[in-house]
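Assemble chain A onto chain H, guided by the hints.
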Amino acid sequence: MKNQFEYIIVGGGVAAATIAKGLLDHKHDTSIVILEAGPKIIAKDRRFWWDYITRGERPYTFTYDQKFEADSTGNIDYQTDGVRVKAYGGSTMHWGAWCLRFRPEDFNLFTNTGEGADWPINYEDLETYYNDAEEFLSVCGDDNANWIPRSKPYPVPPFEWTAADGEMIKAWEQLDVVYQDGDINPGKTSKIKSGKMPIARYRKCMTTGTCKYCPIGGRFNAQYVLDDLKNDPRFINFEIRINAPVHEVNVLNKSKIESVTYTDNLSGNIYKVYGDTIVLASGAYNVPKLLRASKNEFWKDGIGNDHDLVGRFVVSHSMLNVVGKATSNPNGWFQEYDFPTLMSHSYNTKEHQKKGKIFMFKNRTTPNVDIAQLMIDGKTREEIDEIVYGEMTINIQAFLEEKGKYSNRLEAKSGVDRFGLPQTTVHFSRTEKEMKNANDRLKLLEQIIEKMGLEVISSRVDKPGGHHTTGTARMGTNSENSVIDKFMKVHNTDNLYVCSNAAFPTGSAVNPTLTLTAMAFRLVDHLKQKVN
Amino acid sequence: MNKKLTCIGGAVCNEKLSASLIFAEGQDLTHQNKEVLWEIFEAIGINWSNTIYDSNNQRSSWYEMLKAKTENPPNYTGEYVNAIYVINELKAMYGKGGAYKKLFFESGVDNNAPPTTRLAHCKIYVVNEFIRMQITAGGFKSWGAKYGGEQAKNYHGFLGGTRYNRISKVRAYDPDAANLKNDQT
Numbered sequence: 021m022k023n024q025f026e027y028i029i030v031g032g033g034v035a036a037a038t039i040a041k042g043l044l045d046h047k048h049d050t051s052i053v054i055l056e057a058g059p060k061i062i063a064k065d066r067r068f069w070w071d072y073i074t075r076g077e078r079p080y081t082f083t084y085d086q087k088f089e090a091d092s093t094g095n096i097d098y099q100t101d102g103v104r105v106k107a108y109g110g111s112t113m114h115w116g117a118w119c120l121r122f123r124p125e126d127f128n129l130f131t132n133t134g135e136g137a138d139w140p141i142n143y144e145d146l147e148t149y150y151n152d153a154e155e156f157l158s159v160c161g162d163d164n165a166n167w168i169p170r171s172k173p174y175p176v177p178p179f180e181w182t183a184a185d186g187e188m189i190k191a192w193e194q195l196d197v198v199y200q201d202g203d204i205n206p207g208k209t210s211k212i213k214s215g216k217m218p219i220a221r222y223r224k225c226m227t228t229g230t231c232k233y234c235p236i237g238g239r240f241n242a243q244y245v246l247d248d249l250k251n252d253p254r255f256i257n258f259e260i261r262i263n264a265p266v267h268e269v270n271v272l273n274k275s276k277i278e279s280v281t282y283t284d285n286l287s288g289n290i291y292k293v294y295g296d297t298i299v300l301a302s303g304a305y306n307v308p309k310l311l312r313a314s315k316n317e318f319w320k321d322g323i324g325n326d327h328d329l330v331g332r333f334v335v336s337h338s339m340l341n342v343v344g345k346a347t348s349n350p351n352g353w354f355q356e357y358d359f360p361t362l363m364s365h366s367y368n369t370k371e372h373q374k375k376g377k378i379f380m381f382k383n384r385t386t387p388n389v390d391i392a393q394l395m396i397d398g399k400t401r402e403e404i405d406e407i408v409y410g411e412m413t414i415n416i417q418a419f420l421e422e423k424g425k426y427s428n429r430l431e432a433k434s435g436v437d438r439f440g441l442p443q444t445t446v447h448f449s450r451t452e453k454e455m456k457n458a459n460d461r462l463k464l465l466e467q468i469i470e471k472m473g474l475e476v477i478s479s480r481v482d483k484p485g486g487h488h489t490t491g492t493a494r495m496g497t498n499s500e501n502s503v504i505d506k507f508m509k510v511h512n513t514d515n516l517y518v519c520s521n522a523a524f525p526t527g528s529a530v531n532p533t534l535t536l537t538a539m540a541f542r543l544v545d546h547l548k549q550k551v552n
Numbered sequence: 612m613n614k615k616l617t618c619i620g621g622a623v624c625n626e627k628l629s630a631s632l633i634f635a636e637g638q639d640l641t642h643q644n645k646e647v648l649w650e651i652f653e654a655i656g657i658n659w660s661n662t663i664y665d666s667n668n669q670r671s672s673w674y675e676m677l678k679a680k681t682e683n684p685p686n687y688t689g690e691y692v693n694a695i696y697v698i699n700e701l702k703a704m705y706g707k708g709g710a711y712k713k714l715f716f717e718s719g720v721d722n723n724a725p726p727t728t729r730l731a732h733c734k735i736y737v738v739n740e741f742i743r744m745q746i747t748a749g750g751f752k753s754w755g756a757k758y759g760g761e762q763a764k765n766y767h768g769f770l771g772g773t774r775y776n777r778i779s780k781v782r783a784y785d786p787d788a789a790n791l792k793n794d795q796t
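Sequence lines, in order, name chains H and A.
Be aware that the first sequence starts at 21, since it is given in my numbering, and climbs by one per residue.
Be aware that the second sequence starts at 612, since it is given in my numbering, and climbs by one per residue.
Treat the hints as calculated values from the structure; they're not laboratory data.
What you are looking at is a predicted structure, and each value in this text was computed from that prediction instead of being measured.
The C-beta atom is built at its ideal place from N, Cα and C for all residues, glycine as well.
Incorrect hints may appear among the rest.
[What the hints assert, rightly or not] Derived pair list, reagent style DSSO-like, types lysine-lysine, alpha-carbon separation capped at 27 Å:
#1 K678(A) to K232(H)
#2 K678(A) to K224(H)
#3 K374(H) to K506(H)
[Claimed, not checked] Derived coverage of chain H by chain A (criterion: at least 3 residues anywhere in the stretch with Cβ under 8 Å from a Cβ of chain A; other residues may be distant):
#4 119 to 128
#5 172 to 185
#6 405 to 411
[To be verified] Just a sample of chain A residues kept apart from chain H, beta carbon distances all over 12 Å, derived:
#7 G621
#8 V623
#9 E626
#10 L628
#11 S629
#12 T641
#13 N644
#14 V647
#15 I663
#16 D665
#17 N668
#18 R670
#19 T727
#20 I746
#21 D785
Just chain H, with the same shape it has in the complex (with noise of 0.2 Å):
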């Protein structure tokens, strides 16, 4: 078996198969080895789409994270079972492939704020590998709307509101933005903004509402991406090995990383590769434990942890959930699309960073009816158009931006999973502050909700969690502040590099995987450059 590459890609999702591209589209023959420590599970398969259908089973959940295999501590709990795909494709086998931009105030949040981090880099370095991104994950936008500055048009155009979502325009209309105590120059007032959501989905989508388990293809998956390339007899010194989880990066010095170590997960047989350029690309999760794991006499306390950064910085989304009721719903809606379509960064700005940006949609599944549901359980057709033309519930609710604190870390706990990887413990707390902010941002939304004419049932901060975890070893501009530096390479070594949600200084208030794209992208223009 092949031991020796130019490249070896830990991980077998969106990052991996973007650089992994990248690279081969510049130059056919490079020989490249991806690494992932879960199994393949059959996409597209009818079979599997009729049991999503029927049973409400999807083949890939039994690779989640369960409770015992990661776990949290602190003053709240961080969700952290099933929230991430270990397998072929990686998370991409599931995600809602929400693809949002972050805005230019990210990018300096330390310098807007005093808290959290700055990046080593603006939003104008990025902007042209976000064209990239969208185009790669083809992704369906507004370009008429103008949040965040652009070169390039989406590649495909939006998906269009809703019924429902109208009643939630409508009150968005006759309502201000309201700046709150905390927010840059509280009290002044302007008006909420509708927006269409930018969703990836290819040209060929159906809108069936399965995008859990698309029968199709219709959305973007990191495995389809990979198997083109693995059929592609461009690619010859191209591999990638499933069940295959990397337990240690190993130098030759302090700079010179050269191997990785992995166990065949059906043998049982442990291999070394060698590369010339390592890419750790296993998630947020994975990227700190293989650091800390790797010790050495160069590295004591693990690869790019000389200053016990490593893990720490742990940011998440917490969820602002608020539902209300109406009476009745006499237009019998319910939610025909399984992604939400409406959505407003008005509060996403950088008057909103201090206190905390909150990134506003209207829930994707409400208003809703489960009449196969009602139908199972012997409702009859009077008794399901009661229930249909009842009483309604609609949500409303935003990611809130969290700041990344040098207390919050994640690491390994003793013991592997069922793929081989290290288990992991998230410790994770709030302050005071952080919660008052929380549910003063509720406030806002309950606003909102009580404008649609509806009752306020439930108002809620959720947990934070393991979806949306960035900051595990964040790019800045030494090694005192950060493990990175600003082209993903760990600080003091020559060839071993970071591109993942751990590379991430700041977690915005909006999905992360558009912008791991676009600085996946970065990284194969840096490495087609340092080749050259």
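Using the frame of chain H, we list chain A on its own:
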């Protein structure tokens, strides 16, 4: 949920079975089997008045599901044949119309418990899955318009065709139309 459930049917329906899928690897459905199963599917639309053309516009989707569930493991053929035994007994006891009413509305089967009788297997593995499939394939469309609203156009799992079509794929909000309506009132 504490209501005591009284099961319907006779000796066949109430015969005890293991809760796991009835083993049938390597077995196939006959044409006659499929015709009886189609009658069950058709009866769903009749009893909830939510399909058109006696559900025949859903027949190809239904058949594709049947094929996927009987030609790939785990094989559902045993469950489908069991459902035929059950429905035959119910029809003998209650007549055709009565049999389906009993099965759909008064079966006494707890949908959340492991199925341990032939009747429960029929309800959970066949009827409930047929209902989900029927709604997904278009059975949802009869809702929305009762009080002058727009008929539903999409639902989880519905293959609506390309969205690059002049007809919207969902009941959509058009702000221009909404503003026009407001101006007129």
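Hints versus structure:
1. K678(A) to K232(H): With a Cα-Cα distance of about 23 Å, the restraint between K678(A) and K232(H) holds, given a limit of 27 Å.
2. K678(A) to K224(H): The hint holds at about 25 Å.
3. K374(H) to K506(H): It holds: about 24 Å lies between the C-alpha atoms, which stays within 27 Å.
4. 119 to 128: violated (count 0)
5. 172 to 185: holds (count 7)
6. 405 to 411: As far as the stretch 405 to 411 of chain H goes, the hint holds, because 3 residues have Cβ atoms under 8 Å from chain A.
7. G621: holds (20 Å)
8. V623: Fine: 21 Å to the nearest Cβ keeps V623(A) off the interface.
9. E626: holds (22 Å)
10. L628: The claim stands: L628(A) keeps its Cβ more than 12 Å from every Cβ of chain H (closest is about 19 Å).
11. S629: holds (18 Å)
12. T641: holds (21 Å)
13. N644: Holds: least Cβ distance 18 Å, greater than 12 Å.
14. V647: Holds: least Cβ distance 19 Å, greater than 12 Å.
15. I663: Label holds. Min Cβ-Cβ 15 Å, cutoff 12 Å.
16. D665: holds (17 Å)
17. N668: Label holds. Min Cβ-Cβ 17 Å, cutoff 12 Å.
18. R670: holds (16 Å)
19. T727: holds (18 Å)
20. I746: violated (4 Å)
21. D785: Not fine: 8 Å to the nearest Cβ puts D785(A) too close to chain H.
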